[in-house]
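Protein sequence lines correspond, in order, to chains A and B. Counted the way the numbering used here counts, the first sequence spans residues 1 to 1003. Counted the way the numbering used here counts, the second sequence spans residues 1 to 414.
Watch out, some of these pointers could steer you wrong.
The list that follows gives simulated cross-link-like pairs (lysine-lysine, DSS-like), each with its CA atoms no further than 30 angstroms apart [said to hold, decoys possible]:
hint, chain 1, residue 1, chain 2, residue 2
1, A, LYS895, B, LYS402
2, A, LYS888, B, LYS402
3, A, LYS978, B, LYS154
4, A, LYS137, B, LYS152
5, B, LYS351, B, LYS384
6, A, LYS19, A, LYS152
These aren't lab readings, by the way, just hints derived from the structure by calculation.
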Amino acid sequence: MSTRLAEGGRLIDRSQAVKFTFNGKHFKGFAGDTLASALLANDQMMVGRSFKYHRPRGVVAAGAEEPNALVNLGKGGTFEPNQRATTTEVFDGLAATSQNHWPSLEFDVGAINTYLARFLPAGFYYKMFIHPRPFWKYIYEPFIRQSAGLGKAPKDRDADTYEHFHAFVDVLVIGGGIAGLAAAREAGRAGARVMLIEQTADWGGRAVVDGVKLGGKDAGVWVKDTLQELETMPNVDLRRRTMGAGVYDHGYVLAYERLRDHVPEMDGPRHRLWRIRARRTITATGAIERPLSFAGNDVPGVLLASAVRDYLVNFGVSVGDRTVVVTNNDDAYRTALALHSHGLIVPAIVDARPQGGGELAAAAKAAGIRVANGMAVAVVKGGKRVTGVTLCLQAGEGAPLEEIACDCVAMSGGWSPVVHLWSHCGGKLSWDDDQAMFRPDAGRPPTGADGAPMVIAAGTANGHLATAGAVADGWAAGLAAAKAAGHAGKTGTAPKGEDAAAAAPLPVWLMPQGASYAKRSKAWLDFQNDVKVSDVQLAAQEGFESVEHAKRYTTLGMATDQGKLSNINGLATLSNALNVTIPQVGTTTFRPPYTPISMGAIAGVARDALFQPVRKTPIHDWHEANGADFEPVGQWRRPYAFPRKGESVHDAVMREVKNTRTNVGLLDASTLGKLVVTGPDAGRFLDMLYTNMISTLPVGKCRYGLMCNENGFLIDDGVVARIDEQTWLCHTTTGGAERIHGHMEDWLQCEWWDWKVYVANVTEQFAQIGVVGPKARDVLESLGGMDLSKEALPFMQWADGKIGEFDARVYRISFSGELSYEVAVPASQGRAFWDALLKAGEAHGIMPYGTECLHIMRAEKGFIMIGDETDGTVIPQDLNLGWAISKKKDDYLGKRAQERSHMTDPNRWKLVGLETLDGSVIPDGAYAIGDGVNANGQRNTQGRVTSTYFSPTLGKGIAMGLVLNGPDRMGEVIEFTKGKDVTVKARIVDQVFYDKAGEKQNA
Amino acid sequence: MKHYSVFAVAREALRQHTGWDRAWAKAEPKKKYDVIIVGAGGHGLATAYYLGKNHGIRNVAILEKGWLGGGNTGRNTTIIRSNYLQDPSAAIYEKSRSLYETLSQDLNYNIMFSPRGVMMLAQTQHEIRGYQRTAHANGLQGVETAFIGPDKVKELCPIINISGPRYPVLGALWQPRGGTARHDAVAWGYARACSAMGMDIIQQCEVTGIRRDAGKVVGVDTTKGPIDCDKLALVTAGHIGVMANMAGFRLPVESLALQALVSEPIKPVMDVVVMANTVHGYMSQSDKGEMVIGGGTDGFNNYTQRGSFHHIEETVRALVETFPMISRLKMLRQWGGIVDMTGDRSPILSKTPVEGIFVNCGWGTGGFKAIPGSGWAMAELMAKGASPLTEEFSMWRFREGKFIDESVAAGVAH
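Excised from the complex, chain A in its bound form (with noise of 0.2 angstroms):
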């Protein structure tokens, strides 16, 4: 059984115990354990069940390789899945349950695939649930989706935090080995700015657990000494719990901290996310230890010979009390000898090797370990854990030989470099035949926006899987950062590490190495997604020769552990099977992150309220406070209208128009964009890009303006303004704000940039009330000051004076069709002003109105809204603004484009109003029907409609539209779609439904 020794675990704090649930079960576990040791530690062997088959899972490794121990953690806010238990600390209260299984992890209905999986074959829903074909929906898919998909869904919104930070540094060391240590020391030496993160909670890295000797020094000692040195130099950052995620282009690296997983009681966010610019990147990530392939290596209880080590050594749990060892390297006998000296018997190292192994071998056999060598795991006896192993030979094809009664298996098959952060941005990876694995290739790294190489990969990660040359490794690779960096203080010397002489490892891909089909079906490559050797041969068999195409075919490395211990042995069986070199076939795509990262970390703080801040007007609170149903335009929130208690928000609309026709209305139009525009070369600046002609409009006029795209697209238009000689105010729609300022600094920038034109967005340095009615100049004029009489200010005018005590400044523009001000007062001014007009206008049945009345008061006037008659589509000749774009330029922004033989063609649709013959409104984006179906089988379309509403002012349904060859066909009665095989018939009209001369806004 597994359980905790009495002495031992140089991790956990044996004065502090902590409760934690699994499954409901209640056990006991130290501070400082994981929760895998923890449950080792009560002899849970099996902690939940594999993807596919439902088989029987247990622990197999110690780190963020995992594959098998995946628990849902917490509840309700807190409740996350697939959450790694060889990376979860354990705390007081932690409730884990396992996944993938019903109804329970002991007994399982789905384990039935695993009798069924000779009938599921990689690849085998390809084959399979074609007939009949409804079934796939319906019958064969939900079965499927339901048996997959791990761990349960969260149901409650999430209750942590979380946030992003910033930094900038010379060196960013990713791993705290000794490698990485070394490094971070040296750099830190040298003078540079270094950070230093580390994905566990401790310093050190293996050395410490495989207690190996630098300076004549104990690892431990070492590690601690490096630290002290480490924490005194100011330009050091040390985070621990912090993985680097991904690197990406000119230096930019993803890291992310978790804070406070393993204390969740403590305040603040749960995860921060790191986005860090460094000059040099050093990669001492280590490496990860490889399973065998040998049949029923998934059983629990069969580990990573590094993992029964690193239970024993840090958390002092033995995984079983007779352990057999599986080899092809020397460093497994340190799991061996490490077993040996806590008491714990060590049946046999089978060492695939014929050979056997070197010094570390030696100290086994001398300590009285029997050694197998030549030998091999020919399969594993037991089903929900392992009761014993039977041996064969390796050059065979697996006869048995002896059976050995344990209950663990400690398997490895060699390293593999953890070459991940190397490879995301580009670092190619080359084959070393001597140590059987993929290391970064020095000479192809990924390069920086200079073209220097950015990441550097030190220790292990770099192929020195010995200590002397991986702290060695380290410590050049932080003097050579930290001066590719600039800096070269005065540095230290080498640490010299040393290694027991090991023999060479024997490249096992198979064990045996002839071994049967019933054995390679039985050989397990991907613990979690259930690919066996069986599954690549037959991928390989099937033509998915490219490492994608097996990948895909078989899902291999495509689990939540990315493929960490399956990958080199899934294309190392390939390569065989295709008979070509591992190097041959290639690695897949290392993408980020490292391993999963919480979404929520991703998105930081931006959420709810601060997902996309609102834009507020400074008459914003007046509309929330008075009742405004508000719809988002743009990044702001602008009122809808004003529904007064009882009242539809229907009725507050017609309510709206009526009154701002009849007596007088306010609109806070403040959102509206305000270009300032000046310079020598504004007004041509201008002329180019506006249709119109905007450079002789006299100072103290206003002129309706279109802008283009250089496609001849309408995409904006608004009222320009001319302030001085030398300056314009643009106005612009909402939304074009932004895009517009934008527009105006592209063409400024890349095209004209010797063109002397300066740009400010000054949208919200003003707010700009539009006062709006019959009795307009009457609530104006009752506040006192500027003289605002048709004389003084006629239309398409402005003026800058006092209203009452407020500085403004006067539009006459009208976009209602009524007699209206705009006017624009200082932003701090703005609220006061509004109180201003509001008491003021009491008298003369003032009220305030949306958007929806803007809308429909414009479309009554006939005026086009950008956005509803346009859509990237339309250009101003479509809407009958011809008279809107000069004759005299010599060019403008979309000029050239809009003399495009599709442009010209005289069938464009072309705007005109719209009345219904019974009065009724045209529904939004409805089409006008033509005459028989195109060569697709499509009804022919003649036009559609832009904008539809029904006017209160009219009091029946009126709209525009686009209608071929519309303005010649006035009084014809088309046919509009309604609904599902309904149609409504509309009468072509003229668009100005209201006030055709003019004489209200004139007034």
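Position chain B against the provided structure of chain A, taking the given hints into account.
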């Protein structure tokens, strides 16, 4: 070609699956083909398939620089819909969608077309009007869509937050027969069917030059030697500009990185596909249980198949707002593909200035859903010289200003 069925699988199970053939044959180039297709992605393979199936042209080679289906076909978010606004788009996408309905049976390969329904959220008044317009247009185009209210949205997708403080959901354009399919299987299924018709799929074969004589194509140079042909189709998506350059003409196409990501798998929680264009993001749940998430393109031209993290952040932020429950899920993997964007964001299926050369490109962010329809139309264009489905998608439309602009309705996401 061995017929795939549950019985075949059972039979093979009894003999350790030793009887399965290669899904597609290994091929070395012949000296000459009637048609060469450059690019063994979905569009290239489908073009070949329908050339053979509909027009009897089977002396065809499909050349692939890397591995088949390895470009955008294997990198997209697998959404299939045809709720397009403009007639030419709706025609080809609906043709495509309807071919997807029976594609598993046609190819004898389960491509897992799952018409689970696609909704595009309306979160502003402007979007409501836009989608209502699309619904009206679709009605006349023979595309089944409807504008639905927020309650129906919530009923179809319970994990959606319809009353978010910033952009409440006001409704959606709903296409019940839209959905998803298994992207790799589409490429593999077509490849297998092409191979069964005797066509040569030649992988690891990069085209290095296009040989012309008197304004007409005569063949290509490749890393496996020169190959002659009568007709040549260039179907290389993000690298189409490179191919056009070899053929001596230019295309109005920019190549941009488009990114996607998946979460770790969870039990089924979302049956429909949701696209939220105001906040920029879309999401569905795969049969494996992963939440499949797509966002926008980077703002700069690029040939590397990876993108910046900033877009991932924007997309995830938008979706955490739309689906608050995903906050505690984890991003498993992000990746990128290179999409070919035209000026009007609509594809080009066209003859070219070189006689005998045809292009199929510009699918931008929306190519996967179009694969069968695109192949069908392209085959017709190549075999007959014209197709009603490709009529409006000529490369010369930009000269005439005859754009097919879908941004009107689709916003960012395709």
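Earlier hints that do not hold, by number: none
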